[in-house]
Amino acid sequence: MGKIEVRNLYKIFGNKRQKALEMLKNGYTKQEVLKKNNSTVGVDDASFEVEDGEIFVIMGLSGSGKSTLIRCVNRLIEPTAGSIKVDGQEVLGFDKKELREFREKEFGMVFQNFALLPHRTVLENAMFGLEIQKVEKQQRIKRSKEALNAVGLDGWEDQYPEQLSGGMQQRVGLARALAVDPEILLMDEPFSALDPLIKKEMQSKLLDLYEEMERTILFITHDLDEALKLGDRIAIMKEGKIIQIGDHEEILTEATNDYVENFVEDVNRSRVLTAKDIMTKAIALLYPQDGPRTALHKMKKNNLNSLFVVNKDKKYRGIVYIEDVVDVINNDELEFEDIIKNITKADPEDNLRKLFADIADLNVPLPVTDEDDKLLGIIVKTNVLANLASEGKFDQ
Amino acid sequence: MIKVNNVLQLISTKIPIGNWVEVLVNFLINNFSGPLEGFAGIIEWMVNNFEALLSYFHPLVFILIFAILAWRLKNYKLSIFVALGLGLVFNLQMWDPLLTTLASIITSVVVALIIGIPIGIIKAHSITVDLITRPILDFMQTIPPFVYLIPALMFFGLGTVSGVIATVVFAIAPPIRLTYLGIQQVDDELKEAGHAFGANWWEILMKIELPGAMPSIMMGINQCIMLSLSMVVIAAMIGAGGLGKPVLRSLNVVDIGLGFEAGLGVVIIAMVLDRMFGRE
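Same order as they appear, the protein sequences are chains A and B.
207 is the number that the working numbering gives to position 207 of the first sequence; each next residue is one higher, with no gaps.
1050 is the number that the working numbering gives to position 50 of the second sequence; each next residue is one higher, with no gaps.
If you're looking for bench data, these hints aren't it; they were derived computationally from the structure.
None of these values were measured; they are calculated from a predicted model.
Incorrect hints may appear among the rest.
[To be verified] DEER-style ranges, computed between Cβ atoms:
1) Q31(A) <-> I1115(B): 49 to 55 Å
2) S165(A) <-> K1077(B): 33 to 39 Å
3) F1032(B) <-> Q163(A): 50 to 56 Å
4) G1087(B) <-> Q133(A): 54 to 60 Å
5) P1118(B) <-> D247(A): 50 to 56 Å
6) R1072(B) <-> Q133(A): 34 to 40 Å
[As the list claims (entries may be wrong)] Negatives, chain B to chain A, calculated, CB over 12 Å:
7) V1021
8) L1084
9) V1272
All residues carry an ideal CB built from backbone N, CA and C; glycine is no exception.
Please build the complete structure, drawing on both the sequences and the hints.
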């Protein structure tokens, strides 16, 4: 069972919603419904599932209905038809009071334009959700301060939002959402209003936080780069419909229609890709204190033949292969430390052609490390090939 | 031809709007005298108490308090101005009418805000109330204030209470309008954030909408004070005491000196209140 299950969800704006709904179900398009019935279709038959603990990205251009869809999940916008289940509970069945309580305990939300209260300080803003939950004051302050520390804003508690830069304001927004310790984070284009450098920084911050506290995140963006960097799985929306759901490789290599293909091409055309653009985060990592049995377990669980080893501070150590792990388990003479092997590493600024040369005769993913030898992500072969292929198209 | 004549006759027959209003006013007087008297009683009580409170201090002590208040609220320059201005009024022997005027203005403003701000809040949340109040507010703001002196007089008789009521009617539009405007201007995303964290309507009103609307509401309060002051002389026509009375009397006996002195008092109190409670 998924954490969030959305089934056949529709949202129609206008006075003749039921009529419009019938038309949609009978196969009319969004444009036809608008013309004949004067109703705007926001979401058209969306179904998807978000697993517990994953980052699920919904991507689409403006007007594709993605913001409407995320607002349907916590009923900021009332869906016209369909079903939304969170932890198996039907969200659409709640009355007003139940809905408020549900929003309180289940969700934290981050908004595109930050939505900070201008008359409150950073700390007071971060406390907002806890205040609504009627958490006792000392506790409120303590938890908000922790959240502000987590997003790197310690020392800014008494400033007002207008005194902060855009990136810092969104950190406050993030801290406000994290302070209530939600099961699910809803993020509606949180980084779209930020300039590119700050955006990258915030994406990394979010990934760090995600690693530390393992929450389910529903993330909206119009930026494929961002979707690829953050998402475990990505859903692509167009005109209210979800037209493809998949992980990175599926989205990049198996575009199901022209729309997705254009999207993917557009991304590549914009500039020369480097390692940091196409790397993904490792599904699982090993730490030195993990023994061989843990290693074997993690490999089995994730269907992998090898795992990267990092120190607690994410410093890259090397890779272990499943054959060696089995050897260690069967042979008492061998130490786990001995089987950590070194392979080629990539620099985040390496371009695709260099990466291709590096990865061509490698049977495992390529680790990407920064100057401090910290593991930033991994690159799989299909990813490089897919990007090379689409780059080639534009050389012609 | 006969038909055209009929139509012409119908058009030229006067529609008896005046009669209808009279009937309505009489109906209200005959059937609601109890509540009206109760309301008048409250107003009178407020005016008297404010006046008693203000005249509790010696004028010079009062001036000192105001000057200190001005210094705390704004700056020392204003406090010098306040001291000199109020000192001049005292010197011109207009102190008692000044206090009466001040008491009725405070009462008018308090009543206008107690009624006006909640109406503004409701107006911002209900399209129906918005549509209903809009023409009424236009009407109240544009009709010459002399016109509702008559019903005020009929409901509440000659005196300060009628003056206060007429002033409230005249000055209530800005707090309603500006409260409404302030709440309307609060960013939808902020309200959405409130809902997303599970706030109920009261929490959204108190924690998001009203704080966001505060600058606009403060402007409404300032406007309310200024409009109340502009009613001082008009209210004197139906027997309200204060600085308006000498102005009227000077008009009747063509006493330019007296008229100017009393008028100056109104100007000074207006400037003092505006500078002290207005925004820079």
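query: Against which earlier hints does the structure fall short, listed by number upward?
result: Of the numbered hints, all hold.
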